Amino acid sequence: MKDDATFHDAKLQELAQRLGTRAAERLDVERTAQAVVTRLHAEARAPARPSVWSQPAWLKIAAALVIVVGAGAVARGVRQAPSGAAGSVETVDLSDMSAPQLRALLESVGQPGTQEPVSSQDVGLEDLSPAQLRTLLASLDIQT
Amino acid sequence: MPPAEPLAAVPSPTDAALITAWQGGDEQAAAQLVRRHARALARFLAGAGAPEPDLDDVVQETFIRAFRAVGTFRGQCRFRTWLLTIGGNVLKDAHRRAKRTRVVPLADDLRSTDGDPHERAVAAEAERRLGDGLGRLTRMQREVFLLRAQQGLEYDEIAAALGTTPGAARVHYHHAVRRLKECLT
Numbered sequence: 001m002k003d004d005a006t007f008h009d010a011k012l013q014e015l016a017q018r019l020g021t022r023a024a025e026r027l028d029v030e031r032t033a034q035a036v037v038t039r040l041h042a043e044a045r046a047p048a049r050p051s052v053w054s055q056p057a058w059l060k061i062a063a064a065l066v067i068v069v070g071a072g073a074v075a076r077g078v079r080q081a082p083s084g085a086a087g088s089v090e091t092v093d094l095s096d097m098s099a100p101q102l103r104a105l106l107e108s109v110g111q112p113g114t115q116e117p118v119s120s121q122d123v124g125l126e127d128l129s130p131a132q133l134r135t136l137l138a139s140l141d142i143q144t
Numbered sequence: 001m002p003p004a005e006p007l008a009a010v011p012s013p014t015d016a017a018l019i020t021a022w023q024g025g026d027e028q029a030a031a032q033l034v035r036r037h038a039r040a041l042a043r044f045l046a047g048a049g050a051p052e053p054d055l056d057d058v059v060q061e062t063f064i065r066a067f068r069a070v071g072t073f074r075g076q077c078r079f080r081t082w083l084l085t086i087g088g089n090v091l092k093d094a095h096r097r098a099k100r101t102r103v104v105p106l107a108d109d110l111r112s113t114d115g116d117p118h119e120r121a122v123a124a125e126a127e128r129r130l131g132d133g134l135g136r137l138t139r140m141q142r143e144v145f146l147l148r149a150q151q152g153l154e155y156d157e158i159a160a161a162l163g164t165t166p167g168a169a170r171v172h173y174h175h176a177v178r179r180l181k182e183c184l185t
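If you read the sequences in order, they're chains A and B. Numbering-wise, our numbering puts 108 at position 108 of the first sequence, and it's gapless, one number per residue. Numbering-wise, our numbering puts 182 at position 182 of the second sequence, and it's gapless, one number per residue.
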């Protein structure tokens with residue numbers, strides 16, 4: 001049994017050493033050497049063409065981060081766009097408003113954070129602070 | 001007139017000296033490295049499954065990659081061993097691109113006119129089966145087997161070249177031998 005194994009080992013070794021020998025013998029080594037030198041020479045003379053993928057790793061990572069962060073910001077902006085009307089800021093001249101308009105405005109200012117409509121019965125002039133009342137009266141005086 | 005003294009043999013430059021010369025711009029040093037290692041590389045590549053029509057291209061590409069990356073060669077193994085491992089990578093890339101299976105040059109052996117035709121046919125058949133068996137091994141098993149059995153390298157050097165340990169290289173070799181014996185019996 002051991003002799004058989006030894007025989008197989010020797011046979012395998014012999015076969016392995018023979019493997020590819022004929023193909024290698026047919027290789028024109030001199031032609032290969034000249035071809036390699038010619039290619040190396042051409043590469044050395046060619047101007048360097050820096051590509052994206054030849055940049056340092058940190059530069060690629062930084063570029064990828066910028067893209068990801070930028071894309072995230074754009075996506076967030078798109079998500080918020082439908083409710084953009086609420087976010088828009090308009091300047092309102094109080095002196096141009098009528099009394100009912102002012103009341104309505106005060107009612108809405110008096111309920112920050114709530115989206116529910118506020119009825120005029122819920123909020124009256126008694127709910128205003130002295131400063132708010134003064135402002136209101138002053139604006140009414142201007143109108144009249 | 002005394003007989004002329006024989007010329008002292010000029011020692012050929014070492015691989016390291018040729019690499020240094022190439023890095024200094026000596027293209028002929030590169031050509032000499034190719035002449036020195038091309039056949040061993042071709043044997044390894046043919047054994048690893050390079051189709052013969054592509055062998056010259058794969059050998060050239062291996063040398064080109066090696067010369068491009070020679071600055072990273074730290075002498076962890078011999079230049080030839082390092083070159084063979086680069087050849088393995090080039091061959092893998094070529095196989096991936098071509099998506100073709102190994103072409104065994106069976107006719108090469110039958111074309112030979114040396115020896116008994118029956119013996120040649122038997123040897124060619126054994127070589128074909130070995131080639132098939134090598135194609136079924138993992139890449140690591142195949143390369144370890146070829147570096148050991150075909151190129152005659154020690155496990156230490158194989159391990160250094162392939163980035164593994166000598167013990168693991170030995171295990172890969174024994175697995176390869178066991179599977180190849182199954183193909184030959």
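Treat the hints with caution; some may be incorrect.
[As the list claims (entries may be wrong)] Interface residues of chain B toward chain A, partial, derived using beta-carbon atoms under 8 Å:
hint, residue
1, Pro-11
2, Pro-13
3, Ala-38
4, Ala-42
5, Phe-63
6, Ile-64
7, Lys-181
Hints were generated in silico from the structure; no laboratory data involved. Only a predicted model underlies this, so the values are computations on that prediction, with no experimental measurement involved. C-beta: ideal position from N, C-alpha, C; glycine also.
Hints violated by the structure (listed by number, smallest first)
1, 2
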